[in-house]
Amino acid sequence: MMGALKVLRAGLFDTVQDLGRIGFMALGMPAAGAMDRIALSLANALCGNSVGMAGLEMSVMGPDLLVEADSVRVALVGPLTPALIEGPDAASKPIDSDRTHLLKRGQVLRLGMVEGSSTAYLAVAGGFALQPFMGSLSTYARAGVGGFHGRKLAAGDALSVARNQATPGEERKLGQSFDYGSGPIRIVWGPQDDYFSDRGRETFITSEYRVSKEADRMGIRFEGPTIEHAVSVDKGGADIISDGIGPGAIQVPGAGLPIVLLADRQTVGGYPKIATVASTDLPRLGRLLPGQTARFIPVSVEEAEALRREQEARLRRAIAGFEPARPPGGIDLVRLYEENLIDGVVY
Amino acid sequence: MSVRYLSCGDTAFTVEFGNEISPEINARVMALHAAIGRARATGELAGLVETVPTMRSLMVAYDPVVTSRTILEPAIEGMIAHGLPAEGASRDVTIPCCYDDPEFAPDLAEVAERTGKSPEQVIAGHLTSAFKVYVLGFMPGLAYIAGLAPSLVLPRRAQPRVRVPRSSVAIAMDMTTIYPFDSPGGWHLIGRTPLWMFDQRRQQPVFLAPGDRLSFRRIDRRTFDRINGEVEAGTFDWATLIRPS
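Heads up: the sequence lines are chains X and A, in that order. Here the first sequence is numbered in our numbering, starting from 1 and rising by one per residue. Here the second sequence is numbered in our numbering, starting from 1001 and rising by one per residue.
Next up, chain A with everything else stripped away, as it sits in the complex (with noise of 0.2 Å):
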């Protein structure tokens, strides 16, 4: 597999490792992704700001003024011909959704029947497929979370919604997502998630990231309720959804 070098002006460039979505190029994609950050926190490669992430490459942005292209891609040349270290600290993370209230779940009769399941069974698949964040964008803190069980995969919806509630867990494609902020959506809207995925008041005010395994757990309304009065409350424990692995 070649990795490709592109471009992005004289402040980035973009390191591509396949132009497919798969599990094995995306791991290399988060390997390098962390590998520089490990460099960085030693203080090597001075004057690369930051990386981002996708399905199946990285950007590295760069200041010019501090280093260039010549110093850099060589530099990132010698790291993956050196080998990426498997992917080191990824996070299991926990997020509980209720499916139970039609204000929430307003497609999931229609998913069951396009998919020509039950409700349950849908649910049942979305609890049971096995997620990785993949990327954060198009929103602050929008994750595009993919593993969803094969039987459940739809195309987006044709109509998109102009305003999908906050908090929304959604289904399209093999992936699935919660919506951070009120906004337009084309994904199916299954159940709704008492957590918020971008809150200013935390230290780190978004919550997923990049590499993140994650699964869903149901609750109910009672427990809907009270989960959330604690988010907004801001004396949520978020620490309990998360065991490091």
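The following block holds chain X by itself, in its conformation from the complex (with noise of 0.2 Å):
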């Protein structure tokens, strides 16, 4: 029988995502995918999977899940408040994020509200026993298509696992947790900067901008200084003849306000797109929070496709560097015998 992962209690939006359904833009088809493509490459190698298969992304809060499986392993990676194990003849107790765990049948991992981020991810070795659609298990809910049933996980779903049993080996957690940068979000001007004022363009990478209380996968609606358009907006200065949208697209509608195009984003657009974020600063704006504000600052193309290959170096030393997960309450000798090096306290 297949094991499986039974949704108690689903969370906020809880959705199986890969890293996007490549190709079909021609046909109208949104990428969807990962909102923090990091997150989700971490919780996959974490449990030795290869980083692009499909996990489990929760938005703001996750669910509680039951295992039907004789064992499971699975990753955490973003930290959730609570994160619990619970049962069936053991007390609740808390775990941590950024590691594996391994898991038995009739337990119940008990996931609270992510924390620092919009999203978190779950990874599960050997991956989820889904269909792709279109090459892909990224859920697309717009179209109902992809990952589990089309949409996003309901009390009472029954994710079904590749393995019913988990292959034996040791826990293993993050080293240290991964930098996303920090500073002004980088830019690269174009492809419709020239439908901006030289003024409506100094505002952009002046100007604090906030993240409004719309923001989801398909994108980000900023609070802020206005941005001049070239040509007044009633004799057609905020409209272009469509045309594509690439991930991180911000376009710039006749009010003036920037909207930054994520994972769910349409494939074509109508609106002038004064700059683009640079890929390797798409993650940490995916997780920004309603509230949190941002500022902008240009880079040329050369710089953004040197940052990203940075960027996926860091990912890959990151994955090379991970450690055995002590077990709970268990000593991990290599760490006691630094810790006494350094200051002489154990915890």
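Please keep in mind that the hints were generated in silico from the structure rather than gathered at the bench. Treat the hints loosely; a few may be bogus.
[Said to hold, decoys possible] Below, in silico cross-link-like pairs of lysine to aspartate or glutamate (DMTMM-like), each with a Cα-Cα straight-line distance of 25 Å or less:
| id | chain 1 | residue 1 | chain 2 | residue 2 |
| --- | --- | --- | --- | --- |
| 1 | A | Lys1132 | X | Asp239 |
| 2 | X | Lys235 | A | Asp1174 |
| 3 | X | Lys235 | A | Asp1237 |
| 4 | A | Lys1132 | A | Asp1237 |
| 5 | X | Lys6 | X | Glu86 |
| 6 | X | Lys93 | X | Glu170 |
Now that you have both chains on their own, put them together as the hints suggest.
Written out as structure tokens, the structure is:
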């Protein structure tokens, strides 16, 4: 019999996502995929999957999942409060994120609020047993396709896992938390920066913008100073003949406020796009919460490409640097030795 | 006609052939889209992920870990300079459409009135228009199909509908479209096709493709119901609608 994770209580918006449905934009099919590809990649790598496998993306609040498999190894990336393992015959105990956990039949994984980011990820060793749609397991809920029946999880769902029994092996954890970068979000001017006045462009890169409540997988609507178009809006200054929309495109409709378009964005659109977020900063942007602020700073295409390559190299190093996770209550001899050398205190 | 290369961050750029809607410009877009597809099929242009054609431009998406703008832009410039062969394989597609049921065509009378025609003349104009699929977008499988008879050109409805039923056939400006899902919409509804433009059970879930030449064939309500039943059951033979040319 195939194992599953049964949803006892759904989170706010739990969807199965991989790195996106790539290659069908010409047919109007949005890419979808994880909002934070770094966190998904780390979760997969922690439990021995290839980085691009599908995991569960949890927005704002995670679910309660009952293990209906003999055993299953999961990795959690992104802090969740609380995160508990319960039962079946034991008291509930808190568990850490950024590491793997071996769960047994009848245990319940209770996941609470996502902290410090808009999303957290759960990967399962061996992955989920789901049918890909157009080559991908990413959920695109607006069309009801991909992932688990094309929708977010609901109480009562049974999310099948590929392995009914976890393979033997030790648990692993992230060596140190991944550095997403800080400071202004890097952008590249274009494709339609010439649809904005000098003053409009200046406003955009010298002002602080706040994430509004309208922030979801499709994009983030920012609030802040309005950006002036080169030609007045009533003379068509905010209209273009539709063209392709890349990830991180920042469109500025007539109202003058920027909208950054993310995973579930439409493939084409008719608003001018002043700039595009450098791909290295897309995961950071995808983590922003309503009320948080951002500034934008221009870089060249070449700089943005170099930043992305550097980030991919750091991701590979982070994966190479995974450490054995100390069993709860057990002793990590290496850690014990190091801590004693440093300050003589072991917690 | 000079080509512009517009940056879309470090994962895409747009090759803009013009800033107007014209068959000549779109032909160049589609020719480059096809030429890049052929080059990729032979293993060239490594790291180029996909291309997105629109009326007047082609977005080229790439993986900056594998390639770069510095490599791809000159390669594509070279393809354009070398001369793009006229668009290769495109398809002639015939879409059955029922105009007769008032439920299917709630705007037919208004379109007729505003264009100074009878409803039958509106239908005839739609049936004789030589359409072509220019771009898909807005939602999966939604095609912008240009070529509507000039005498039927109207702006969109002042008040968009909150819900347009799936498979509605609509017109606005010089275009027609077919709604792939129940969705909001501001175009004039003049008929309905029994086909689904998006069906995730099919090997190719999206039926239309950019470059398709398209015409409509009038069917009555009984034929509509028969074809719709086959589409719903998954037994409809879609190949009967397509004539390669």
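Pair hint Lys235 (chain X) and Asp1174 (chain A), alpha-carbon separation not exceeding 25 Å: 21 Å, holds
Does the alpha-carbon distance linking Lys6 (chain X) and Glu86 (chain X) stay inside the 25 Å limit? Satisfied, since the Cα-Cα distance of roughly 14 Å is no more than 25 Å.
Is Lys1132 (chain A) within 25 Å of Asp239 (chain X), Cα to Cα? The given pair, whose Cα atoms are some 23 Å apart, holds under the 25 Å limit.
Taking 25 Å as the top limit, are the C-alpha atoms of Lys235 (chain X) and Asp1237 (chain A) close enough? It is violated: about 48 Å lies between the C-alpha atoms, which goes past 25 Å.
Regarding the pair Lys1132 (chain A) and Asp1237 (chain A), is the alpha-carbon distance no greater than 25 Å? 22 Å, holds
Going straight from one Cα to the other, do Lys93 (chain X) and Glu170 (chain X) come out at no more than 25 Å? 19 Å, holds
Violated hint for the displayed structure: number 3, the only one.
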